Amino acid sequence: MKLSSKFFALVAAGPLILTSQMVKAQGGLNTDQNLLGQLNTITTAVPFLTISPDARAAGMGDIGVATSPDANGLHWNPGKMAFVEDDAGLSLGAAPWLRRLVPDIWFYYLSGYAKVGDRKRGTVSGSLRYFSLGNIQFTDEFGNPQGSDEPKEFSFDLSYSLQLSEKFSFGIATRYINSRLVSQRATSAEIRPGQAVAGDIGAYYKDDIKISDREWKYSLGASITNMGSKITYTNDANRDFIPVNLRLGTFWETEIDEHNKIGFGIDFNKLMVPTPQPIYLQNSAGEDSVFSDGSRQITGWNTSDIPTLTGMFKSFGDAPGGFREELNEFIVNVGMEYWYDESFAIRAGYFHEAETKGGRKYMTLGAGIHYNVFGLDISYLMPFKTQHPLQNTVRFTLLFDMDAFTGQNNSAPR
2 MKLSSKFFAL VAAGPLILTS QMVKAQGGLN TDQNLLGQLN TITTAVPFLT
52 ISPDARAAGM GDIGVATSPD ANGLHWNPGK MAFVEDDAGL SLGAAPWLRR
102 LVPDIWFYYL SGYAKVGDRK RGTVSGSLRY FSLGNIQFTD EFGNPQGSDE
152 PKEFSFDLSY SLQLSEKFSF GIATRYINSR LVSQRATSAE IRPGQAVAGD
202 IGAYYKDDIK ISDREWKYSL GASITNMGSK ITYTNDANRD FIPVNLRLGT
252 FWETEIDEHN KIGFGIDFNK LMVPTPQPIY LQNSAGEDSV FSDGSRQITG
302 WNTSDIPTLT GMFKSFGDAP GGFREELNEF IVNVGMEYWY DESFAIRAGY
352 FHEAETKGGR KYMTLGAGIH YNVFGLDISY LMPFKTQHPL QNTVRFTLLF
402 DMDAFTGQNN SAPR
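Sequential numbering of the sequence shown, starting at 2, is according to the working numbering.
FYI, nobody ran anything at the bench for these hints, they're computed from the structure. Some hints could be false.
Stated by the list, open to error - Taking lysine-lysine pairs in the PhoX-like style, the calculated list, with each CA pair at most 25 Å apart, reads:
#1 Lys121 with Lys218
#2 Lys168 with Lys218
#3 Lys207 with Lys168
#4 Lys386 with Lys271
#5 Lys168 with Lys153
#6 Lys153 with Lys207
#7 Lys218 with Lys207
Bear in mind that the values here come from a model prediction, so they are computed numbers and not experimental data.
Please build the complete structure, drawing on both the sequences and the hints.
This is how it looks when you write it as structure tokens:
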């Protein structure tokens, strides 16, 4: 039995699937003379964990590690949730995904938080992420229909963050991941849902500073997410890395006047996963075949099967192209946000990934309306390449201020 071509698009339906848009090596043989020019992407299992879940961050180029906390902050940095302003809140987000490829992929995100403790310096947060990959048709080797299935993936998070001072907070999170790409009834192969357990850590610092007679509020954020076990769909001997990710960032905002406020931020992201190493053409003696100019032909790429913790540390120095390739593995996100009277927001951002690491480059736009109990955010993605899988991606997020909701109920006439 084999899967339809649609399935292969869906299995990699997260941010790292855009291989059709990636650059190809220049003509001729791929050799180690110019490793920096080789296409060498880092891929992982369950890439849906890296999809930006909320429209606010998505509208600002996917920045979020140092922005002001809200109900979606757990995804970006569990540490910043200790500084969330309200005592409790909820958020629900949804987005059709990869509409240029298939029509029935959907991403959903439900999250919430509550302040705890006598002084309310701690915050408990949780989230549920659900990724539906639509309906898949299966065929045998001759193309005959063999039924269908609906692959799906989800994760569930719980976190606790604590204010350690008036300016600094720290948080931890734990996560259960379940990825059911193919059911047993849909294939004769020995296959099972992939399962993994992971954790996050994060820190957040905020302060004020005066620059040229203008008061600025700034924040610094750092987090490492999805540190955990590898995942397998067949047996323990064949296990894949999940997307362990390092985020570093800062966000600055200032009040233009009593009604207008503007902010700017930048994030740096890096997968803490081993970089694939080149596989060289072998001669009859089983050794690397070396050309007259000393170069070797690259026939493929291989990722070492090493423990997760070893891979995390190794990821900072294993790029075959050296230090410059290591720098190329950092994704840069920049974004801005304008608020009028704390009620209406306009956002914009830019996402940049090196050509040899995936080549994702796109602009984002967003808007938000927050009024009393409810808030609505929306974002729109505009890639620089035509016929891009993420083209015209729209995300929606609803936010609920439980404090305001409770206050309304208490003040309502009886």
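Does the alpha-carbon distance linking lysine 153 and lysine 207 stay inside the 25 Å limit? violated, 38 Å
Are the Cα atoms of lysine 121 and lysine 218 separated by 25 Å or less? Holds: lysine 121 and lysine 218 sit about 22 Å apart, inside 25 Å.
Is the straight-line distance between the alpha-carbon of lysine 218 and that of lysine 207 25 Å or less? holds, 7 Å
Is it true that the CA of lysine 168 sits at most 25 Å from the CA of lysine 218? holds, 11 Å
Does lysine 271 sit within 25 Å of lysine 386, going by the straight-line distance between their CA atoms? Between lysine 386 and lysine 271 the Cα gap is close to 23 Å, so the pair holds against 25 Å.
Run the distance test for lysine 207 versus lysine 168: straight-line Cα separation, threshold 25 Å. Within the cut-off at roughly 5 Å; holds.
Straight-line Cα separation of lysine 168 and lysine 153 no greater than 25 Å? The given pair, whose Cα atoms are some 40 Å apart, is violated under the 25 Å limit.
When each numbered hint is compared with the structure, violations occur for hints 5, 6.
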